[in-house]
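Residue numbers (this note's numbering), protein chains in the order written: chain G, 1 to 433; chain L, 434 to 576.
Derived by calculation from the structure, the hints in this document are not laboratory data. Since the structure is predicted, the reported quantities are computational estimates derived from the model, not experimental observations. Any given hint could turn out to be false.
[Unchecked claim] Quick list of in silico lysine to any residue cross-link-like pairs, SDA-like style, CA-CA up to 20 Å:
1) L:447 <-> G:15
2) G:386 <-> L:447
3) G:58 <-> G:88
[Claimed, not checked] Some chain L residues near chain G, calculated using beta-carbon distances under 7 Å:
4) 470
5) 474
6) 520
7) 523
Even for Gly, the Cβ is constructed at its ideal location relative to N, Cα and C.
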Amino acid sequence: MIWKEDVECADRAVLQVLQSDHLKKLIPYIYHNCPVYKQKLEDAGVSPDSVQSIDDIKRLPFTTKEDMRDHYPYGLFSAPQDQINEIHVSSGTTGNPTLVGYTRDDLALWGDVMARTLCCAGAEPDDTIQIAYGYGLFTGGLGFHYGALEMGLRIIPTSSGQTARQLKIMQDFKPRIIGCTPSYALYMAEEAKEMGIDPREGNWRIGIFGAEPWSDSIRHEIEDAWNMLATDVYGLSEIIGPGVAQECQHKDGLHIFSDVFFPEIIDPETGEEVAPGEDGELVITTLTKQGIPLIRYRTRDIVSISCEKCRCGRTSPRISKIKGRTDDMIVVRGINVFPSQIEHVLVGIEGTQPHYQIVVDRQAHKLDQVEVLVEVEERFFSDEIKHLNELRDTIRKEIQAVLSVGVKVTLVEPKTIERSMGKSKRIVDKRTL
Amino acid sequence: MKITQISVFLENRKGRLYEVCSLLGDNDINIRALTVAETESFGVLRIVVDKSDAAVTLLRDSGFVANFTDVVAIEVGDRPGGLASVLKIFAANDVNIEYMYGFVEKHSDKALLVFRFEDADFAQQVLAKHSISVVTRKEIEGL
Chain G
1 MIWKEDVECA DRAVLQVLQS DHLKKLIPYI YHNCPVYKQK LEDAGVSPDS
51 VQSIDDIKRL PFTTKEDMRD HYPYGLFSAP QDQINEIHVS SGTTGNPTLV
101 GYTRDDLALW GDVMARTLCC AGAEPDDTIQ IAYGYGLFTG GLGFHYGALE
151 MGLRIIPTSS GQTARQLKIM QDFKPRIIGC TPSYALYMAE EAKEMGIDPR
201 EGNWRIGIFG AEPWSDSIRH EIEDAWNMLA TDVYGLSEII GPGVAQECQH
251 KDGLHIFSDV FFPEIIDPET GEEVAPGEDG ELVITTLTKQ GIPLIRYRTR
301 DIVSISCEKC RCGRTSPRIS KIKGRTDDMI VVRGINVFPS QIEHVLVGIE
351 GTQPHYQIVV DRQAHKLDQV EVLVEVEERF FSDEIKHLNE LRDTIRKEIQ
401 AVLSVGVKVT LVEPKTIERS MGKSKRIVDK RTL
Chain L
434 MKITQISVFL ENRKGRLYEV CSLLGDNDIN IRALTVAETE SFGVLRIVVD
484 KSDAAVTLLR DSGFVANFTD VVAIEVGDRP GGLASVLKIF AANDVNIEYM
534 YGFVEKHSDK ALLVFRFEDA DFAQQVLAKH SISVVTRKEI EGL
């Protein structure tokens, strides 16, 4: 089924009228309620009344992750705090996390777009869903929960982790849908086999996987291991969380809910729009959000877009799977990791920053492993093993505290980390995504 | 009297110890005592050589992390209970040993051991009080 057929299958012209109406209301709302945006709009020479159609969006200034960090915590909010019902945070590039807040209407919007997401993947109202995305500050678990609630599915909110219990619940309740990260799906399948459970046995129909990049080869592996259709979901907490775009059963691009999240694909260097089918940075404007609406938010995800009508009947544009990033962010077990966060920790411990490298690896059917190599320098070298081990453990604990991801820290000899053009190569990603 | 130990950080990689030793050998630096403390991913090489300053400069120039550590070289009787008699004095006087190892060659008819104390100055006072003979820097250089 299609949850909101009137907008998801609307003619392009109808959709543009809707988008224009939303934008015409959004800009004055932000201008009058958010001093930071007021300034940004004035700097860009945009008067709020001059925005009359969705085509005017090109005149609006971009919003970046740095804007969110610089105005932490409440600077980019347009709604007063007493109207904020829920907040979520994700890791920021350095220091401050990224904070997002939802009004009651925003939560209703989240439920709506997640219900659309679930339907787009193929969910039916009498389905049972096991939500194995983390519940908490991470938007994955609760986003799926609100959508499933809106749709009236039977929800098993297992959250992530505790694999043996997840498998027991699967056997007992035989859900037809699962939501989790793709690497966790593979990990659970492997654990199941080790426990003598055949993951293919059950009522599986659909998996909705996201929060980290994954390829078609992983898709085939998951579909084979679980005997289910593996679909891709896209979202980011700055926009709403999961529920920005979702693959339908044809698995031919992710339908972006463009009546509320207006997409543009730009050349990240020039900021100019690129043609459909060409790779560029995905930029999203939240047309109807109230708490923390964002204008032309630079996602830093590289995708291409197709505006052709899909075989499923939806007219909403489709974005490709994420093809890369414009920055050096990597996603590990659903968590965003920036090298700058690790730099920050090392500077904090040692006063200056030693050379380091992050190595991300994934053994077959295992979760991602992160190893941080740190070059030993004379100023913190000791002849005593216990001091070196203490140093290594301190670095490990502090990085883990910042990233919320378990890491291994290895001390290495100086000049052993590869340097390109005088700068160290900060990330080595050995995973087959 | 304290002598100088050189400590070198080594990754657990094939041939790494050989590289340090051949570097010193090629430059006519003689290793008097040596031990390696290892963990699963790295080790610390501890050596006493005849030309400490030259050795550290050489190692650093070759990209190694190396520094000086004060240690004490002690002669103990080369007979059953020889080491125990010295350790007994340390224990009775609250002298903490971080680690210790033996010399490659003998200085006299006694065994020569390197001690890294938690507090080298305090250890030396105790040694002097109990008339335990320590080896001087000059003697190491001349070995």
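Status of the hints after comparison with the structure:
1. L:447 <-> G:15: violated (65 Å)
2. G:386 <-> L:447: Outside the cut-off at roughly 23 Å; violated.
3. G:58 <-> G:88: Not satisfied, since the Cα-Cα distance of roughly 29 Å exceeds 20 Å.
4. 470: holds (5 Å)
5. 474: holds (5 Å)
6. 520: Violated. Min distance 20 Å.
7. 523: violated (18 Å)
This entry does not satisfy hints 1, 2, 3, 6, 7, going by the numbered hints stated previously.
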